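Visitor: Chain residues, written in single-letter form:
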Amino acid sequence: MGEEEEKGSSENGVESKEEEQDEQENNVLRFLDSLDSYLVLMDSLSPTLRQGWMELASARHSMGASRINSALFDLKHHNAATSLEVNHHDDTTMQQTCFTLCKWASPDTQNLCSKEATLEEGELLQRKASSPQIRHRGASRSSEEVQEKRPQPYGPPVTVDDQVQKERSKSLSVFGALVSPKLRGAQLSFETALETLVEIANIRSTILCARDQVQEEMKTTM
Amino acid sequence: MANRVQIPGRNSALIAMIADEDTITGFLLAGVGNVDLRRKTNYLIVDSKTTVKQIEDTFKEFTAREDIAIVLISQYVANMIRLLVDSYNKPVPAILEIPSKDHPYDPTHDSVLSRVKYLFSAESVASERR
Numbered sequence: 001m002g003e004e005e006e007k008g009s010s011e012n013g014v015e016s017k018e019e020e021q022d023e024q025e026n027n028v029l030r031f032l033d034s035l036d037s038y039l040v041l042m043d044s045l046s047p048t049l050r051q052g053w054m055e056l057a058s059a060r061h062s063m064g065a066s067r068i069n070s071a072l073f074d075l076k077h078h079n080a081a082t083s084l085e086v087n088h089h090d091d092t093t094m095q096q097t098c099f100t101l102c103k104w105a106s107p108d109t110q111n112l113c114s115k116e117a118t119l120e121e122g123e124l125l126q127r128k129a130s131s132p133q134i135r136h137r138g139a140s141r142s143s144e145e146v147q148e149k150r151p152q153p154y155g156p157p158v159t160v161d162d163q164v165q166k167e168r169s170k171s172l173s174v175f176g177a178l179v180s181p182k183l184r185g186a187q188l189s190f191e192t193a194l195e196t197l198v199e200i201a202n203i204r205s206t207i208l209c210a211r212d213q214v215q216e217e218m219k220t221t222m
Numbered sequence: 001m002a003n004r005v006q007i008p009g010r011n012s013a014l015i016a017m018i019a020d021e022d023t024i025t026g027f028l029l030a031g032v033g034n035v036d037l038r039r040k041t042n043y044l045i046v047d048s049k050t051t052v053k054q055i056e057d058t059f060k061e062f063t064a065r066e067d068i069a070i071v072l073i074s075q076y077v078a079n080m081i082r083l084l085v086d087s088y089n090k091p092v093p094a095i096l097e098i099p100s101k102d103h104p105y106d107p108t109h110d111s112v113l114s115r116v117k118y119l120f121s122a123e124s125v126a127s128e129r130r
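Line by line, the protein sequences give chains U and G.
Straight run, no breaks: the first sequence in full-length UniProt numbering ends on number 222.
Straight run, no breaks: the second sequence in full-length UniProt numbering ends on number 130.
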């Protein structure tokens, strides 16, 4: 009986050692993967930024240097239309930070777009279909017509896309009412660059978390 | 490009920038510009007249602010304050070094990569074992 107990405990010991080794290997793999992703993303960022700078230079060439320069920047109080949401979550023994980009959703316009942005399309249609005015107009309307004619308590109906376009135009209007299409192109390029940068920030968080885990394991095995 | 709007929640934060004029202009077009009631901006335009002290002070200010989650800094500007950037080790705000028009990205100077490259060095592994 004693021999069987010894055999059982040694088997358990071997299993737990194997599990530990698997976990260590997973941590190293995670570290190397995140490092690779970081380098790939940084590589993809450069051409996006380069395109943005080229478009900005073209816009400056067509509109004039005096129309696109830092002297025109809005220095009156205003909130950023594009911001970040930061969440912390516990990953095994380490805390990891997660960044989420919130594009064109400034707190100034939060109340207007919050109801539209958080509803699924189906729910939105259901809501509109149940309102008395739309029911009286008949059931054969398309969803777009229904959406346009929905009565709004605060004025004409506004969709999420309209709000995004409005914020984009507001950003461009710093450089005048009529801007070169190249400037719009530059805006889109830098928006894409922002998305890549947020991904890079998340990968950075993973790298640092994985590095700490690998370092911890190296200390315990030495 | 997705036009879906994500509503900033209670833990929303800003992106700060320390870079040349064109890079700042581009990111301001993308909507990251913020000016508070005291007329403080979340960006610093670095040009030939900007001193190293100004850059250092701005970096320290941005990394101390609780409403900033990411600091974008052109790598050539980060090289001017390399000691300060490399000694920064908090998870938030995240410091991201970006290329500029005249200075392409150099991974050998990146502060994130320099913090992990010692793990690939045979000397460091050998010294740990001693």
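Be aware that a few hints might be false.
[Stated by the list, open to error] In silico DSSO-like pairs for lysine-lysine, Cα to Cα no more than 30 angstroms straight-line:
no. : chain 1 : residue 1 : chain 2 : residue 2
1   : G       : 101       : G       : 53
2   : G       : 53        : U       : 76
3   : G       : 101       : U       : 170
[As the list claims (entries may be wrong)] Just a sample of chain G residues kept apart from chain U, beta carbon distances all over 10 angstroms, derived:
no. : residue
4   : 51
5   : 53
6   : 56
7   : 61
8   : 81
9   : 107
Since the hints were derived computationally from the structure, they do not count as laboratory data.
If you're wondering where the values come from, they're calculated on a predicted model, not measured in any experiment.
Every residue, glycine too, gets a C-beta built ideally from N, C-alpha and C.
Visitor: The output says residue 61 (chain G) does not contact chain U. Does that hold with a beta carbon cutoff of 10 angstroms?
Guide: Non-interface label stands for residue 61 (chain G): nearest chain U Cβ at 17 angstroms, farther than 10 angstroms.
Visitor: Check the hint pairing residue 101 (chain G) with residue 170 (chain U) against an upper bound of 30 angstroms on the C-alpha distance.
Guide: holds, 26 angstroms
Visitor: Once the closest CB in chain U is found, is it more than 10 angstroms from residue 107 (chain G)?
Guide: Label violated. Min Cβ-Cβ 7 angstroms, cutoff 10 angstroms.
Visitor: Could you let me know if the closest chain U CB is still more than 10 angstroms away from the CB of residue 53 (chain G)?
Guide: Check passes; 21 angstroms lies beyond 10 angstroms.
Visitor: Can the restraint linking residue 101 (chain G) and residue 53 (chain G) be considered satisfied, given a maximum Cα separation of 30 angstroms?
Guide: With Cα atoms ~23 angstroms apart, residue 101 (chain G) and residue 53 (chain G) stay inside 30 angstroms; holds.
Visitor: Residue 56 (chain G): least C-beta distance to chain U exceeds 10 angstroms?
Guide: Given a closest Cβ separation of 21 angstroms, the condition holds.
Visitor: Need the status of pair residue 53 (chain G), residue 76 (chain U): alpha-carbon distance at most 30 angstroms?
Guide: Distance of about 26 angstroms is within 30 angstroms: holds.
Visitor: Mind verifying the non-interface call on residue 51 (chain G)? Its CB should be farther than 10 angstroms from each CB in chain U.
Guide: holds, 17 angstroms
Visitor: Is the Cβ of residue 81 (chain G) farther than 10 angstroms from every Cβ of chain U?
Guide: holds, 19 angstroms
In this structure, the one hint that does not hold is number 9.
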